[in-house]
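Participant: Chains as they are written, first to last, in our numbering: chain A, 37 to 526; chain B, -14 to 272; chain C, 42 to 351.
You may find that some hints are simply not true.
Stated by the list, open to error - Residues from chain B that keep clear of chain C, each with C-beta distances beyond 12 Å, as calculated:
| id | residue |
| --- | --- |
| 1 | 4 |
| 2 | 24 |
| 3 | 49 |
| 4 | 78 |
| 5 | 94 |
| 6 | 132 |
| 7 | 194 |
| 8 | 255 |
To be verified - Restraint-style ranges between C-beta atoms, simulated for each label pair:
| id | chain 1 | residue 1 | chain 2 | residue 2 | range |
| --- | --- | --- | --- | --- | --- |
| 9 | B | 250 | A | 97 | 52 to 60 Å |
| 10 | B | 270 | A | 184 | 30 to 38 Å |
| 11 | A | 461 | C | 75 | 27 to 35 Å |
| 12 | B | 35 | A | 110 | 54 to 62 Å |
| 13 | B | 64 | A | 265 | 49 to 57 Å |
To be clear, the hints were calculated from the coordinates, so they are not data collected in a lab.
Heads up, the beta-carbon is just placed ideally off N, CA and C, and yes, glycines get one too.
Residue-level listing of the chains:
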Amino acid sequence: MAITKRRTAELAKQVFEYAPAPESTDHIKIEPHYDLFIGGRMVAAHSKKRFPTINPATEEKLSEVVEADEIDVDKAVKAAGKAFDSWSRLAPSRRARYLFRISRLLQERARELAVVETMDGGKPIKESRDVDIPLSAAHFFYYAGWADKLEWAFPNRKPRPLGVAGQVIPWNFPLLMLAWKIAPALAAGNTVVLKPAETTPLSAMLFADICQQAELPPGVVNIVTGAGKTGSMVISHPGVKKVAFTGSTEVGKLIQRSLAGSGKRLTLELGGKAANIVFEDAPLDAAIEGIVNGIYFNQGHVCCAGSRLLVQESIAEPLLEKLKLRLGTLRLGDPLDKNTDIGAINSKAQLEKIEGMVESGVEEGAELFQPECKLPERGFWFPPTLFTNVSQSYRIAREEIFGPVLSVLTFRTPAEAVEKANNTPYGLSAGVWTDKGSRILWMAERMRAGVVWANTFNRFDPSSPFGGYKESGFGREGGLHGLLPYVELN
Amino acid sequence: MAPAADVAKYAAGLEVGTLMDVRKTYKLFIGGEFVRSESGRAYRFDGSINVPRGSRKDLRDAIRAARTAFPGWAARTAMNRGQILYRAAEMLDGRRAQFVEVLGGGRTASREVESAVDALIWYAGWTDKLAQVAGNTNPVSGPYFNFTIPEPTGVVGIIAPEDPALAGLVRRVAPALCGGNTVVVLAPEAAPLPALTLAEVLATSDVPGGVVNVIGGYHRELLPWLAAHMDVNAIDTAGCTPEELTAIEKAAAENVKRVIKSPPGELSPQLITAFMEMKTVWHPIGV
Amino acid sequence: MWSVATALSLSHLGSLMRGVRSVDEVGADERAASLAKRSIKKSSKLWALDLAIRCMDLTTLEGSDTPGKIAALSAKGIRPKPGDGSIPSVAAICVYPARVAEAKEHLRNSGVRVASVATAFPSGQSFLSVKLSETREAVAAGADEVDMVIDRGAFLSGDYQKVYDEIVAVKDACGDAHLKVILETGELGTYDSVRRASILAMAAGADFIKTSTGKVQPAATLPVSLVMMEAIRDFVRETGRPVGFKPAGGIRTSKQAIAYLVVLYETLGPDWMTPERFRLGASTLLNDVLMQIEKERTGAYQSGDYFTID
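Model the full assembly from the supplied sequences, consistent with the hints where possible.
Facilitator: Laid out in C-alpha cells, this is it:
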C-alpha cells in the first residue's frame, strides 16, 4: 500500500475515464455509393444528383446516395402499386413468414447494423446495439404475428389493406423508425415507398439488402433517398393512399395541409416538450437516472425526450446537486466506444439549432450548467447542458430543442405540476416520479400526453402504442393500435 | 284593430276565434343556455321560421363553453355518462311526435326518430365497455406494467349532416359524448331545426351545460373559424361538401386537428375512438 | 433524506427509519446492468486487477479451517504469485475469531491486516454479552478489523433501536479496530430495507458497510451494492464522514470484480478506489484475477495448473 490515497484517486480517474473500447468496424462494408431500391433490386436512378452522407463524429464522408427525383419516385410508387395486387392477396400466413424472416435477418446482422447506425448518425454504440437494433427486430417479429390475425384485432369488422403507403422518417432512430413504419404496413397487406432521412440513409440501404436476402417479393418495399423535396414527392404522389410521417411539428403541419382534400389517410408522429415531474417522495437515485436517460439519451434527439424537468421545490436543491454530479460522470466522445454515453450531434444544422436555443436561454436569464467536458476537435458535439432558473415563458421551456439540453422548473403542489406540464401545444409524453401509488394514477390520468412513464422514462416496446396528443400528432405506432392506420374497416 | 268590444271580452278571459299556437323562437344553445345570436341576426328558413344566424363570436363562445365543460365531463364515470346518454334517449323518445313533425311527418320521419333513439342507446351502452375493447394491457419485454386506455381528445366540432338531419347528427354527437368529449355542433344550414330542437332534449337530460353546444348559421361564415380555432381538437366533417372538407383540412393543420371523415351512417366503436387519444402508461414492477 | 444528527438526538428511530427514501428496484437493477456493460481495456484492466488484489479481503470461513489452512492462506495473501514481485499483497485475511492469533502470527510485518468476523457470525442470533466479548477477544488476539453481522431478526421485526444500539456497542468494543457492518442483504428482502439498514449502520458508527456473510444466497449483487453505495453517497453528503464499502460473497471472477469497481467509480468516485474505503470479500477470486493479469500480460489464456490453490 505504498501508493497514497490521492495518487490512487488520480490514477483511478485516468483509468476509468479514458478507456477507449471501440467497437470494431472491420466487418462493415459500406459501398462508395448507393442506388435506389425499387422493385426488389438496387436500380440506377434517373436523377443524376447525389449527395454525401457523413459520419457526424468525424465529418468523414461515408458514402453517397441519390437525391431521387419525380421520375424515380414515380417508378417506386408504381412498383409498390404493382406489388400491392399480389401482396395484398397473398395468404396472410405467408406475409407473416416474410416478416418473421426479416426480423431474424435483423437479429443475425445486428452488430453490422448497429455499427452502421452509429457511424451514420452519431449515436453511441451502446444505444444502437442495445436499443435501436433489438427493438427494430422485435418490431418486425411482433407485427409478423399480426399478419394472419387481423380479424381478431378488429372484431366484427373486415380489415383490408389501403394500398401503397408513403412513409417519411427522421434521422434520430433511422432503422427503428423504418421498422415502426414498414412492419405494420406490410403485416396489414400494404406495400410501401419509404424515404429515410437525408443525414442517415445507410441503415435503410442495408435494410434493402435484407429485403433481398429475405426474398421479399419485388416492390413490396421500395426505398428512395433524398431530402425534403423527395419526401414531399413521395407523399403527394397520387398512387400513394396512406401517408405516415415522423418528424417535426412544423413539417407535419405542412404535410397535413398539403394533403387536404386528397382523401389520403394520414398519421403524424411529431415533436414534443415533455415534462418529467419529480415529487418530493420520489426514489431519488432512480429519478436521477430517469432524468438523465430522459434527456441525454441519444443526445436528446428524441421527440419524447423529458426536456422539461419539473421538480417539487422542497427537494429541488438536493436533486439538482445530485443531478449535476451525475452529469459529470457522463462520457461524451467517440460514438463507437462502448463506454460512450453521449455521442455526436447528428448534423451541423442541428448543432447550430441547439446552440441558438441555448444562447436564447442564456439571454432570457436562465442559469446554464455544463459539466467539465472536453469536446473532440472534429465532428459535431454539444455537452450535456442544464438550465436552472427557467420560467415557463422562456423559449427553452416551450420549444423543442432536440438536443442534450434540460430546462429545470419547480412546482409546489401536484395541481401546479399538472398545470405546468400540460401548458404546451405538444402532448407526446410525460414522466412522473413518486412513491405514492394513488398519486401516480392521479397524475397519469391528468397528463395530456400519449405516453406516461411513471418511475421510469424512455422505455419502448413493439407491443406498446406510441403517439401524441395535440400538436404532437395523431395515430399510434406499436401495439394493436398501430395496425389501425394501415387498414380500412368494412 | 280590434273592436273595443273584443278587447273587453278578451280582458274578461273569454275565448276569441279558433286555437292559435304559440310559436317557438329558435335559439342557439351555448353553455347550457338558449340564447339569441349576439349578432342579433337571423335567417329565414322554410318561408316563415327565423333561425338564429350565429356569428363567429357565438362560435367562439360555444367553443369556450365546451372547453370549460370538458374536464368535468371527461372526469365523469363512464357509467354516469352512459346514464346521461340513456336519459337523452328517453327524452328524445318522449318527444317523438314533436320530432316527427320537425322532420316533416310520415313514416320516414318516424323511422328516423326511432333510429336516433337507437343510436343514443347504443352509445349509452358503450361508455363503460369501450376501454375494455379499445384499451389493453401490453405484454412488454421487461419488468413493467403497461396499459393503454382511450381518453377523450377534448373539444370536438361537428358539422352535422343535412340528411338525415336528426339521426345523422345523433350518430356523430353520441359517440363523441360517449368518449367524454365536449361538442360544438354546427347545424346544417338547410335543415337546422332538428339540431336546434335536439338541444332542448339535451338540456333536459342531465347533460351538463357546455357539454353540447349548438350553433345555427351559414357554413361559409362559420366553417373557417371553426376549422382554424386553436382550441378545437377535432372536427367531424360528416356534413361537409368536398370543397368544404378540403378547406377544413387545410385550416385544421394549424393545430394538428384530428379530421374525422367516416361515412355518416356508421355506428361503431371505432367512431368513438376516432374522437379519442390512446394513452399508454408504464410502471416498473418491483418490490 | 433525514439527517443523521436528528436521528441520534431522537428516540423515535423506528419512524425515522420508515422515513428513509425508497429505492426503485427496477431502476436500480437497470442502472447496475448498464454499468456492468462498461468495458475497460488492456492497461486499464491491469490497473483495475491490481487494485482488486490490493482491496481484497482474502477469506476463509469454514468449520474445517485449521492452523495449516490459515498458514497457507496467509502466505498466499502476502505473496499471491510467488516469484512475481509486481503482484501486490491483498488488503487483509478474513478469518473466524478463533483463528485470528494464527493469522496475526503469519502476517506479522507483511502489511496485510487481519480481519475477524464476530458477533455470532453468520446468524447473529446470540446474546449481546457474547457478541461483545467475542469482539473484544478477537481484537485482543490481534484483529485489525472486525466484520460484525447485524441482528436481522431485530431489524425485520422493526426493532431498529436494538440493531442500532448493538452496532454502537460493538463499535465501542472494537477500540481501534475498524468495524465493518454486515447487513446480510440476502435476508432483508427489499432494496428499501437495504438502504434503511445501510443508513442505520452508518449512523451507528460503521467504518464500512458490507453486503453479506457469504453464507446466505443471494450474497453480494451488483444492484444491491449500488443501493448501498448510493446510501453511502447520501450519508457523506449529510455528515461529511466517509464510510467504506465491502461487497462479499459470490464474487469469483475478474469480470465481476471489475464490474464492482466500475459501479464504485461511477457512484462514489475515485476517492473510494483505495483499500481504505473499498474491500472485496472473496475466497476464490484471487486466482482468477492472477490468471487474468497473466493473460493481459502474455496474451494467452491461462490454465489453473500454473496458479497455487491455497
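Participant: Looking back at the hints listed earlier, which ones does the structure fail to meet?
Facilitator: Structure breaks no hint.
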